[in-house]
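Asker: In case you want the letters, here they are:
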Amino acid sequence: MKLIPTASQTVGPFFSIGLAPLFQSQPTDGTVPDGAIIVRGNVTDGDRKAIPDAVLEFWGSGGFVRVPTEENGSFHATLKLAAGASYFDVLVFMRGLLRPVYTRCYFDAMDELRKNESLTKVPTDRLTTLLAHSNGMRGQYEWNIRVQGKDETVFFEF
Amino acid sequence: MSKSTEDRRVLLASQPPYLHPPYVSTQKRAPSKPLVALASSLANINGPVFGHETIQPNDGDLTGQHSGEPLGERIIVAGKVMDDDGHPVRGALMEIWQANAAGRYRHKNDNHAAPLDPNFSGCGRVLTDEEGRYSFATVKPGAYPWKNHENAWRPAHIHFSLFGAGIFSRLVTQMYFPNDPLLPFDPIFNSIPDAGARDRLVSTFDWPTTKPEHALGYRFDIILRGSNSTPMETIHP
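Chains as they are written, first to last, in our numbering: chain A, 264 to 421; chain B, 1043 to 1279.
Mixed in with the good hints there might be a few duds.
Only pairs whose alpha carbons sit at most 25 Å apart, straight line, appear in this in silico DSS-like list of lysine-lysine [to be verified]:
hint, chain 1, residue 1, chain 2, residue 2
1, A, K312, B, K1189
2, A, K384, B, K1075
3, B, K1070, A, K413
4, A, K312, B, K1070
5, B, K1150, A, K312
6, B, K1122, A, K265
7, A, K413, B, K1075
8, A, K378, B, K1075
Facing chain B, according to a computed beta carbon distance under 10 Å, are these residues of chain A, among others [to be verified]:
hint, residue
9, S279
10, L282
11, I314
12, P315
13, W322
14, F327
15, P331
16, N335
17, F418
Hints in this document: simulated from the structure, not taken from any laboratory. Glycine residues also receive a C-beta, built at the ideal position from the N, C-alpha and C atoms.
Taking the hints into account, I'd like the entire structure generated from these sequences.
Answerer: This is the structure:
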């Protein structure tokens, strides 16, 4: 018999007190460091209102990055994909989430996502929620998270 | 009901759901669609490794981060972090945050009309040792009102964030204090269906952890999911 894991509880609204030491420090001049990509986006709720108190963790073999959302619900993270990798696993924490939600942010072509063996159980019309979209500038992507609603982000079993 | 069916039911009831309407913030923030299974073998992403360079002096003593001592009841919180096989989780980073003894967080959005304490920041960080043990010193946090419902008060609690063997080991939780009269009324605590799982979030007063003439001691052990664990949702009762 295994031990029962400790129950999860929300991070609450004041998590920055404890979690800020690991927030990624952002380059102030907006440049993209060599070999890095920048992903920007917004986190919104079931009423499409901005969520100003979420914290995102990007987990990948290329590293770990934690960023909070700003007052307007936006975030941006500077990421380094490991060679051959096409995505980061993402955990999102916020007041109102008693457990984190788990999703993925892919830097890939839509055709590749449709063929991806990990994603065969994702409804085709929701695949796009997992895809970061290039904004046309080298190394810069947009990826939004909707925690609830019609165009809700795909969240995986966790 | 077979033993293993009952075990799985208890395991499923040991974690809160996303939607728990009495906790009002879940109503617009809980996912509304079913979670999706990752079809191929799960990416068991290894956790980031944090070494001793992550920790600053006094990160484990929240009473010693300023020129003076914070007001309040000095306490020591200690325990052991284990995986679900009972093995110690060594070198696990634990991040801690809490309100001060008056129930006020040092945060710009905390508007509770209780005093800030110039000698208390409410942030700590420790690593578990070779036996998975941890310990930190702080003051007992105060209860505070939170407007979730009429006359809503959060029971006193300390926030914990932990990294274990991998992404499925990640845990953010809250530790409560024994005999707190607010616990039966707290929608966040009571979002956990299983009474045993709720009770395990309540620390126990612990004589061996006390420091004579200095601080009372509370014990709080933590179980993280192991590196071979499967998602909660695949555990069907």
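Asker: All hints, please: hold or fail.
Answerer: Against the structure, the hints come out as follows:
| no. | hint | in the structure |
| --- | --- | --- |
| 1 | A/K312 / B/K1189 | 20 Å, holds |
| 2 | A/K384 / B/K1075 | 13 Å, holds |
| 3 | B/K1070 / A/K413 | 13 Å, holds |
| 4 | A/K312 / B/K1070 | 9 Å, holds |
| 5 | B/K1150 / A/K312 | 21 Å, holds |
| 6 | B/K1122 / A/K265 | 16 Å, holds |
| 7 | A/K413 / B/K1075 | 9 Å, holds |
| 8 | A/K378 / B/K1075 | 23 Å, holds |
| 9 | S279 | 7 Å, holds |
| 10 | L282 | 6 Å, holds |
| 11 | I314 | 7 Å, holds |
| 12 | P315 | 9 Å, holds |
| 13 | W322 | 5 Å, holds |
| 14 | F327 | 4 Å, holds |
| 15 | P331 | 12 Å, violated |
| 16 | N335 | 15 Å, violated |
| 17 | F418 | 5 Å, holds |
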